[in-house]
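Top line first, the protein sequences correspond to chains A and B. Here our numbering is used: the first residue of the first sequence is 1, the next is one more, and so on. Here our numbering is used: the first residue of the second sequence is 1, the next is one more, and so on.
FYI, nobody ran anything at the bench for these hints, they're computed from the structure. Fair warning: there could be bad hints in the mix.
[As the list claims (entries may be wrong)] Result set (DMTMM-like, lysine to aspartate or glutamate): computed pairs, CA atoms no more than 25 Å apart in a straight line: (1) B:LYS670 <-> B:GLU630; (2) B:LYS697 <-> A:GLU47; (3) B:LYS760 <-> B:GLU693; (4) B:LYS697 <-> A:GLU97; (5) B:LYS241 <-> A:GLU97; (6) B:LYS61 <-> A:GLU71.
Since this is a predicted model, take the numbers as computed values, not measurements.
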Amino acid sequence: MRNGLLIDYEFCSGCQSCEVACKKEHGFGVGVWGIRVLDEGPWEIDEKNLNWNKIPTPTSLCDLCADRQAEGKLPTCVHHCLAGVMKFGPIDELVVELDKKPNQVLFVPGPYTCK
Amino acid sequence: MTTRAKIDSGVENFKNDLGKPWQWEEGGYTVTRGCAWSAPGCHPVGCGVKFYVNEEGILEKVEGDENQPITQGRLCVRCLTLPDFTYHPDRVIYPMKRAKEDRGKNKWVRTTWEDAYDIIEKNIKALKEEYGPESIVVFGGTGREGGPMCGPYGAAMIGTPNACYTQSGYACYIPRVAAATYIAGVTYPEMDYAGGLPGRYDDPAYKVPEVLVAWGKEPLPSNGDGFFGHSVLDCMKRGSKLISIDPRANWLATRAAYHLPVRPGTDTALGMAMLNIIISEDLYDHEFVSKWTYGFDQLAERVKTMTPEMAAEICGIDVEDIYGATRMYANAENAAILWGLATDQKANGAQSGQCMLALEAITGNLDIPGGQLLGDVNDSLGDLGFGWKELGPALQNKIIGLKEYPAYVGMVLNSHADLTLEAMETGVPYAIKGGFIASTNLLAGTCAAQPKRWHDAMQKLDFVFAADCWITPTVQCCADVILPIASFAERQSMVGTHYGASPNMLGSVVDAVKVGETKGDLEIQYELGCRLNPGTYARFANFEEFRAEFRMGNCGMTYEDMREKVVVQREVRYKKYETGRLRPDGKPGFNTPTGRVELYSTMFRQFGDDPLPYYEEPQRSPISTPELMEEYPFVLTTGARTYAYFHSEGKQIPLLRELNPDPLLEINPKDAKALGIEDGEWVNVENEFGKCELRAKVTPVVKQGVVHAQHGFWFPEEDGEEPHLFGVWRCNINELIPHHFVGKLGFGAPFKCVICKVEKLSK
Chain A
1 MRNGLLIDYE FCSGCQSCEV ACKKEHGFGV GVWGIRVLDE GPWEIDEKNL NWNKIPTPTS
61 LCDLCADRQA EGKLPTCVHH CLAGVMKFGP IDELVVELDK KPNQVLFVPG PYTCK
Chain B
1 MTTRAKIDSG VENFKNDLGK PWQWEEGGYT VTRGCAWSAP GCHPVGCGVK FYVNEEGILE
61 KVEGDENQPI TQGRLCVRCL TLPDFTYHPD RVIYPMKRAK EDRGKNKWVR TTWEDAYDII
121 EKNIKALKEE YGPESIVVFG GTGREGGPMC GPYGAAMIGT PNACYTQSGY ACYIPRVAAA
181 TYIAGVTYPE MDYAGGLPGR YDDPAYKVPE VLVAWGKEPL PSNGDGFFGH SVLDCMKRGS
241 KLISIDPRAN WLATRAAYHL PVRPGTDTAL GMAMLNIIIS EDLYDHEFVS KWTYGFDQLA
301 ERVKTMTPEM AAEICGIDVE DIYGATRMYA NAENAAILWG LATDQKANGA QSGQCMLALE
361 AITGNLDIPG GQLLGDVNDS LGDLGFGWKE LGPALQNKII GLKEYPAYVG MVLNSHADLT
421 LEAMETGVPY AIKGGFIAST NLLAGTCAAQ PKRWHDAMQK LDFVFAADCW ITPTVQCCAD
481 VILPIASFAE RQSMVGTHYG ASPNMLGSVV DAVKVGETKG DLEIQYELGC RLNPGTYARF
541 ANFEEFRAEF RMGNCGMTYE DMREKVVVQR EVRYKKYETG RLRPDGKPGF NTPTGRVELY
601 STMFRQFGDD PLPYYEEPQR SPISTPELME EYPFVLTTGA RTYAYFHSEG KQIPLLRELN
661 PDPLLEINPK DAKALGIEDG EWVNVENEFG KCELRAKVTP VVKQGVVHAQ HGFWFPEEDG
721 EEPHLFGVWR CNINELIPHH FVGKLGFGAP FKCVICKVEK LSK
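Using the sequences and the hints, build the whole thing.
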């Protein structure tokens, strides 16, 4: 069973703790990310409503914190997420969570299969 | 220790450090648990941190501590980058001095603490003898441990009455505290987020708020006044509905049931209209009103003068939304208003605060579970008035502004900010000759209006010393000596939520690591105080005794006990007005002259202001100065917080700077189009008081006709010497904020409601 990251973007505040925690964990510097918060918005749906979703998106460098996993620890992005909107685990367990509410996305990072 | 699950992340299924002691060894590291508070600056939330120190004694990494009951392992970018802050090559880690003629130049030389203290002692004593102790001013800021010590730094350490938080009208926090103190006799009604309850949101004593009102506050990045901002999201996930009152559609506002994008500075009109609706539609708590409030009928009369329709017109919002949001708030079984900094940043702010307190009171939300939590009358971090009594009446009466603004100066025991600058400039009522820059970077577009005037006035002082972690533009401009202050990984102290004023938690600040020769703010106060004003410190045999009284005073623990426990939740008691815990005499009721929440304020009346709320236009606005709008067509609000920085701090940390490289001006797409301004383009922002350059962010978060400017920018990578001074003037939005545009009681200044023009820059 693969592991994944389940993200509830209804409540992601865009604090970027995931980005920076990841950089510190992996030693990534400026301009390199293991996860990045995509800023989908803000744009006007109508006069009263803006579309604005912040979606933490693992990059090709995301290894789901393999070293931490080996020690039985959570990936650092999940551990530090201020909004508490990230979950890590086997996909079958996350799918159950995914079905509980809308505005979630399940990422399964890993090496490209085409290369 | 009981094991608790981490908020919403399933940490219980993974290996974690729940139940670990305050210190242990792991994989070549000494891991120490502590709580975060200053430096780097933040408000006292006391987020739980684990410091990983390697065998060479280097702080290699920081992680969030799962054991902290409020933050539960969560941590923001500023704490995550603490190692980068700690070992940055620009960090000041030894005392340094510079000849007076070299002010503004990078001619600092390292010295010893002994020598630095000797220089300070010699100069301060000479100034005190020649010009009197009142000729020395302490310049105070916010967010560092030294912030709330501004008063004691002055009165106790130096022996001057003139401790001064330099922001015009004390336009941060104190206007709200004054409203709460004078009207309800409490420090600050905070949203109850179960911070003191062992079971947190699931504790049987708690009830998740049905409605939250974020009013002029962006709590998620700001953690204002020690409130852990993301608690709002915790509650919303558990069912709380949100009303957002903010000119900006900050991200949180997009999740609100109602977003009321008021024109900046018009909140009091809205507050009065909401009271009007609640009273006229009989949505108020009759029992609370009759038992615990004073002046309800007069308030009802007054708010009739502000109909929702009038407020809608003034604020530029839909009247249906005022009705809808007000009914939702009033009908909720429990609700909390999160009053923000915007309350303070207008001359009419005391009245905004008055309205919010009245709303909280008449809806019966004061001190109930999931409502507005009140502090116990005896709760605070320490004696903020330390040293004042010892000054004696002659010096006390010399504090600048006591005659003009007694409600301000007498309450907070700070000299009035605007009048202090005027005294420095004119020598009236007396000459100011010396200064202590107490961990504040007031020139960098933070806590000063018209910062160039402060710069010029501070440059003229005979002697200035500073305490900071960096050579900031403020230090570079005029300090002769700088004392290096410790971070929260480098000293022994403690932190209490909201300076101890909200009953949530107390936590230890630990010295997990030694960096250069830094010392804690409190230690500096004690050591310098023993030299400059020894009588006041004579009753303490040593620093530990001083710290015990000043920091550990109300928790009944020694520092060593606290360090072992790391975090202690405080007992939460609701409805303290029934049990006598709001009054020093132990009688039920509120600590006001009438013993009730004064909807009609006898204290406001005594100080010469209207006892009831009233609306006043900002001094510059489309309504008050229509003749200026052709030249300055935008309403300007400033200073919304970001995750990357605490005000001016953090600009030299690459991983933080990457998040917010340049100071931004948010402008509506339609306005930008009309001016031919592209997203990302540098623009000139200007008004009759000053100008600066900012980078346009074209975004619908602001309405047409309103722009928002980021504050607190300087450029540590640029030339630090005068006159460039790290580029501090180029992007300094506070140059556009006028001096001494304050409210009747001396509180509030228009940092969030002036006018300006925006133009393309030709470069």
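List of violated hint numbers, smallest to largest: Hint 4 is the one this structure does not satisfy, whereas the remaining hints hold.
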